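Work out the full structure, taking the sequences as your base and the hints as a guide.
For reference, the chains in residue letters:
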Amino acid sequence: MKNKITPAFVIGVILCSLFAVLCILPLIYMVLMSFTQATTLKIHLEDVNLFDFYNYWFALTKRGFAEGFKNSVIVVVGSCLLVDVVSAMAAYGFEKKPLPGKEKLFQVYLATMMVPGQVVLISMFVLVNRVGLSNTFWALILPMVGAFGIFLMRQFMQAVPNELIEAAEIDGSGEVRTFLTIVLPLVQPALITLTVFTFTSAWNNFLWPLIILTRSNMFTLILTMSTLSGRNDTNYGLVMAGATLTFLFPFILYIFLQKQFVEGIALGGVKG
Amino acid sequence: MTRQKKQAIYGAVYILPSFLLMLAFTFIPICMTIYFSFTKYNLSQPPQWIGLQNYSKLITNSYLHQSLINTVQYVAVTVPIQTLLALIIAAFLSGRLRNRLGGALRSMMFIPVVASMIASAAVWNVIYETNGGVLNQILEFLGIPGYNWLGRKSSALNCVAVVAIWKNVGYFLVIFYAGIMNISVDINEAACVDGATPVQRFFYITLPILKPITYMVVTLGIIWSFQVFDLVYKMTAGGPGRATYTVAYLIYSYAFQDKRIGYGAALAVCLLIVILIIHAVQNLFFREKDA
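For the record, the sequence lines run as chains A and B. Mapping to the working numbering: the first sequence position 253 is 253, numbers consecutive. Mapping to the working numbering: the second sequence position 242 is 242, numbers consecutive.
Heads up, some of the hints might be wrong.
Chain B is nowhere near these chain A residues, computed Cβ spacing over 10 Å in every case [what the hints assert, rightly or not]:
id, residue
1, Ala20
2, Phe58
3, Arg63
4, Lys97
5, Asn135
6, Phe137
7, Asp171
Far from chain B, some chain A residues (derived; all Cβ distances over 10 Å) [as the list claims (entries may be wrong)]:
id, residue
8, Asp47
9, Asp52
10, Trp57
11, Lys70
12, Leu81
13, Glu175
Residues on chain B that point at chain A, a partial pick, calculated with CB under 7 Å [unchecked claim]:
id, residue
14, Ile15
15, Phe25
16, Ile30
17, Met32
18, Val123
19, Val174
20, Phe229
21, Ala248
22, Ala268
None of these hints come from the bench; they were simulated from the model. Remember, predicted model here, so these are calculated numbers, not experimental data. Note that the Cβ used here is the ideal one computed from N, Cα and C, for glycine as well.
Rendered as structure tokens:
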């Protein structure tokens, strides 16, 4: 293919670049504002002091962000571990084991992806309250296991050769050892992708924590953030510092694991 | 015990943890919600069976009518715009910009996807702010009077839609881009030899091959938009008036704010039915066109 630089091409590049800038501009604005003490919204660049972490300090120590941060980390780490282990096991069972009726069950799992969150949340709220799990981390971690993760892992599990598993069995490797030392290392890229997804959805989860957490010392970072900015809260610098804090971790994760993000979306396609 | 049988038992053991969790946190809650939708239940007293009363009350609920109109309008704004933007950008970037620049642009467009809805809403609230918000500052600079973006019935919902589009384009772009990269180079080269222009190639090669992916993107977009909650909660809380009440927001306010579990459940079941119908219609439409 010849690559001539046509006017149409140039215009396309300009438009795409403009759109890309438009995508990150609000976030740059967020970070800049977080370093100001302004009570008005007009950005005067001389107000921006990138060495003034007062808003961050205030949010972390006085507005519960440090605690929210700790809670979010616990929930995210717990969710990632649970989802990885349970999804990998289920995917292995579905893909490699001759269990009668498993395909029907798998279809039922997949069908749950169509069910809107609210349908589940209403009764989950009733159930979790009934068994006394409200205001616990369990209430946030356990429901993170879902069809998406199992579906994603199964896609990768297909690439694990059956011969390899059978060979291990013939060589006398036990069931557990085969799974841990042969299967899991082979699907490791999938586990990383799944972890990335679980991380962001657990971290950014809002509606369920909002419903189930009533004690502010259990609030996740996102929930703490949402209490910060009433629409009448005029301390915009502080609000933007809070928003930046919630954005920071998923963003760092994205910088380092960009490939896994993109791969997971392209492969799974369906999320949530 | 035969090997086959043993393997089947192992299979059951592997699947069991996921099954128990799905049972407790998905299957049972769905059934309970359907049951609650036929009851009057406010958490303090046991559910009381009232048959179809919740549903008949819903039919005449003017809040629901307004929310339905709002939700449909919201879907009608977000889905076509985000799908078209993602498709066009993906086609352009994958055609001539498979280089560093294209990669950088894609990375930038994806960044809003990882931001939480709540942080996004906080930032956009500030952008839309009437007094001195960025948008009005720009307008002022151009000599146009400012506008109360989130406070006016005519604009509030569309302003929320813009944020959703901003957050979603990067996600769907990735899906389209991957789909286009899977199209074999030979087809495009053959078309080139035959003298097809890039625009012709887009309409006669790329688009038909991307049909299943487009179908998925549209379905996903509709389902997400139908369930919009976080943005509405944080940006407008349903207001001004009822201008941004959506179905998901209405469920939240009935079931969790007013603790009318039964009534909220009936509304949630209606949402489920609507989404199932969308799936069915799209399946039908899609299959017919394929045949």
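What are the numbers of the hints the structure violates, in ascending order? 1, 4 and 13
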